[in-house]
Amino acid sequence: MVFSEEVGLAIKRVLPDALVTVEDLSGGGDHLQVSVVSKAFAGLSLIRQHQLVYGALKDELASEAIHALALNTSTPD
Amino acid sequence: MDPNTRTRIESLVNSSPIMVFMKGTKLMPQCGFSNNVVQILNSLGMRFETFDVLSDMEIRQGIKDYSNWPTIPQVYVKGEFIGGSDILIEMYNSGELREKLEIALAS
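In order, the protein sequence lines correspond to chains U and P.
My numbering puts the first residue of the first sequence at 1, with every later residue one more than the last.
My numbering puts the first residue of the second sequence at 1, with every later residue one more than the last.
For the record, the hints were derived by calculation from the structure and aren't laboratory data.
Any given hint might turn out to be false.
Unchecked claim - Capping the alpha-carbon separation at 27 Å, the derived lysine-lysine pairs in DSS-like fashion look like this:
| no. | chain 1 | residue 1 | chain 2 | residue 2 |
| --- | --- | --- | --- | --- |
| 1 | U | K58 | P | K64 |
| 2 | P | K23 | P | K78 |
| 3 | P | K23 | P | K64 |
| 4 | U | K12 | P | K64 |
| 5 | U | K58 | P | K23 |
Being a predicted model, the structure only gives us computed values, none of them experimental.
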């Protein structure tokens, strides 16, 4: 499975309703642009929203499988 | 995280009203995300201090545990963690960052 799909699945395990788009900026899989849309973000500060996503990607970040992650979170309108 | 590292981090976090833990220095950022933060704060004309986490592995790992935030850069205003590159960009674009910094520096 392509790594960016794994990232999407890891996020959806924590945020089942999330609409996740993962863009591989570098082609190598370690520089990713990820945007996540989820109702779970409603009322949360940006920091808390991003921490939820970072929590879902804890292993990938710790192992530096993801070296750079540009993250964008929002709630469905 | 050992107490000595935590104490060092606490003093660093509070050593300047605006404190940035980054890769590299103001003049020589070593990472695009760290550079984003430096450029944003420069464009707002804000005085800030930085710490190069590449120079100290204990701080580099410790700061991530301290804020429960797994990436660098990390920006602190009056000792409070306000975000990394993505959040700084969003706050800058919405105008919230200038307001937050001016209030923090005025108080």
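Against the structure, the hints:
With a C-alpha separation of about 12 Å, the suggested pairing of K58 (chain U) with K64 (chain P) holds against the 27 Å cut-off. For the given pair, K23 (chain P) sits about 21 Å from K78 (chain P) by alpha-carbon distance, which is consistent with the 27 Å threshold. The hinted pair formed by K23 (chain P) and K64 (chain P) meets the criterion: a straight-line CA distance of about 13 Å does not exceed 27 Å. Taken as a hint, the K12 (chain U) and K64 (chain P) pair is honoured in the structure, with Cα atoms around 24 Å apart against an allowance of 27 Å.
Taking the CA atoms of K58 (chain U) and K23 (chain P), the gap is about 20 Å. The hint holds against a cut of 27 Å.
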